[in-house]
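S.K.: Single-letter residue listing:
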Amino acid sequence: MTQTLTFLLMDPPYENARTTTALRLVDAAIRKGCNVNVFAYEGAVYLPFAKQQPHANAVHGSDAAQEDHPNPKDWIAALTAAAQSKGLKLDWVNCGLCVDERGAAECIPSVRRGSPADFLKFVDASANTLVIPTR
Amino acid sequence: MNRYLLIESREPAESASVVEHYELAGELAKRGNDVSLFLVQNGVLPVRQGALADALAKATARGVKLFADEFSLRERGIEAPFAAGAKPEPIDFVVERMLDGTKVIWH
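Those sequence lines, one after another, are chains S and Z.
If you use the working numbering, the first sequence corresponds to residues 1211 to 1345, in order.
If you use the working numbering, the second sequence corresponds to residues 689 to 795, in order.
Please keep in mind that the hints were generated in silico from the structure rather than gathered at the bench.
Incorrect hints may have been included.
Listed next, the stretches of chain Z that the computed footprint assigns to chain S, with coverage defined by at least 3 CB atoms under 8 Å from CB atoms of chain S [unchecked claim]:
1. 776 to 785
2. 788 to 795
Lysine to aspartate or glutamate pairs mimicking DMTMM-like chemistry, simulated, CA-CA at most 25 Å apart [stated by the list, open to error]:
3. Z:K791 with S:D1334
4. S:K1299 with Z:E784
5. S:K1242 with Z:E758
6. S:K1283 with Z:E763
7. S:K1299 with Z:D780
8. S:K1299 with Z:D788
9. S:K1242 with Z:D780
10. Z:K753 with Z:E763
11. S:K1296 with Z:D780
12. S:K1331 with Z:D788
13. S:K1242 with Z:E763
14. S:K1242 with Z:E784
15. S:K1242 with Z:D788
16. Z:K791 with S:D1301
17. S:K1242 with Z:D722
18. Z:K746 with Z:E758
19. Z:K753 with Z:D780
20. Z:K791 with S:D1237
21. S:K1283 with S:D1328
22. Z:K791 with S:D1328
23. S:K1296 with Z:D788
24. S:K1296 with Z:E784
25. S:K1283 with Z:D780
26. S:K1331 with Z:E784
27. S:K1242 with Z:E777
28. Z:K775 with S:D1237
All C-beta atoms, glycine included, are put in the ideal place defined by N, C-alpha and C.
Hey, can you work out the whole structure from these sequences and the hints?
M.R.: This is the structure in structure tokens:
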């Protein structure tokens, strides 16, 4: 039987190695054949924000294509596709209040809006849960 | 006996609470629990030879099993031998512990 793991993330993008580690954990869980739930709380609702743009880097002398700057929304889309390719599901829920506070409603299509009650449902339906808090 | 995996993402110089986290691991192990400490991000810095790893060594002396994220080690150019008997593991280690029902705590 396919097991499900839940992760709660709180950090906004581009600020802390915790985001990279969290997405590495999601990747590892999918590679191991798990369904994955993510509840994005506070600044983490900006991780799948659809208007993230790659940029040039004048210091490096590179344009946007050469810089190839990765954006978290692309990583989340890739993880969602990886799960689907294995018949699994990455269910990413953004906290609606956190979204409204931040004006972060424009997220990539696979992400849905929810509330902390969804986190409780995730926990109840999962084999285990890891909370990765800000500090 | 419970199984615990404590994840430490910081180094002791960053916050006094890091050593407290090591001590928590040691105390849980002393009370007969199966305790692993997984170091990640800058949390791996104390396993570098020559670093101050005394607090980690105290935890392992109490029975804590010590692991370090191999990607974080590689990013920082930290190579074997590792202080305090740390064993490198991929991030998959955390997922495996989650799947076997271990209580997992991030710090």
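S.K.: Against the 25 Å threshold, does the CA-CA distance of K791 of chain Z and D1328 of chain S hold or violate the hint?
M.R.: holds (21 Å)
S.K.: Against the 25 Å threshold, does the CA-CA distance of K1242 of chain S and E784 of chain Z hold or violate the hint?
M.R.: holds (9 Å)
S.K.: Cut-off 8 Å, C-beta pairs, minimum 3 residues; does the coverage of the region 788 to 795 of chain Z by chain S stand?
M.R.: Check passed, 4 qualifying residues.
S.K.: Compare the distance between the alpha carbons of K1242 of chain S and E763 of chain Z with 25 Å, and conclude whether the hinted pair is satisfied.
M.R.: holds (24 Å)
S.K.: Is K1283 of chain S close enough to D1328 of chain S, meaning Cα to Cα at most 25 Å?
M.R.: holds (21 Å)
S.K.: Taken at face value, is the distance from the CA of D722 of chain Z to the CA of K1242 of chain S at most 25 Å?
M.R.: Holds, because 24 Å separates the two Cα atoms, which is no more than 25 Å.
S.K.: Quick one, are K1299 of chain S and D788 of chain Z close enough, alpha carbons at most 25 Å?
M.R.: Given that 25 Å is the threshold and the Cα spacing comes to 20 Å, the pair holds.
S.K.: Please verify whether K1283 of chain S and E763 of chain Z have alpha carbons no more than 25 Å apart.
M.R.: With a Cα-Cα distance of about 23 Å, the restraint between K1283 of chain S and E763 of chain Z holds, given a limit of 25 Å.
S.K.: Mind checking the alpha carbons of K1242 of chain S and E758 of chain Z for me, to see if they're no more than 25 Å apart?
M.R.: holds (18 Å)
S.K.: Regarding the pair K1242 of chain S and E777 of chain Z, is the alpha-carbon distance no greater than 25 Å?
M.R.: holds (15 Å)
S.K.: Does D1301 of chain S sit within 25 Å of K791 of chain Z, going by the straight-line distance between their CA atoms?
M.R.: holds (22 Å)
S.K.: Do the alpha carbons of K791 of chain Z and D1237 of chain S lie within 25 Å of each other, as the hint requires?
M.R.: holds (20 Å)
Hint violations for this structure: none, all hints satisfied.
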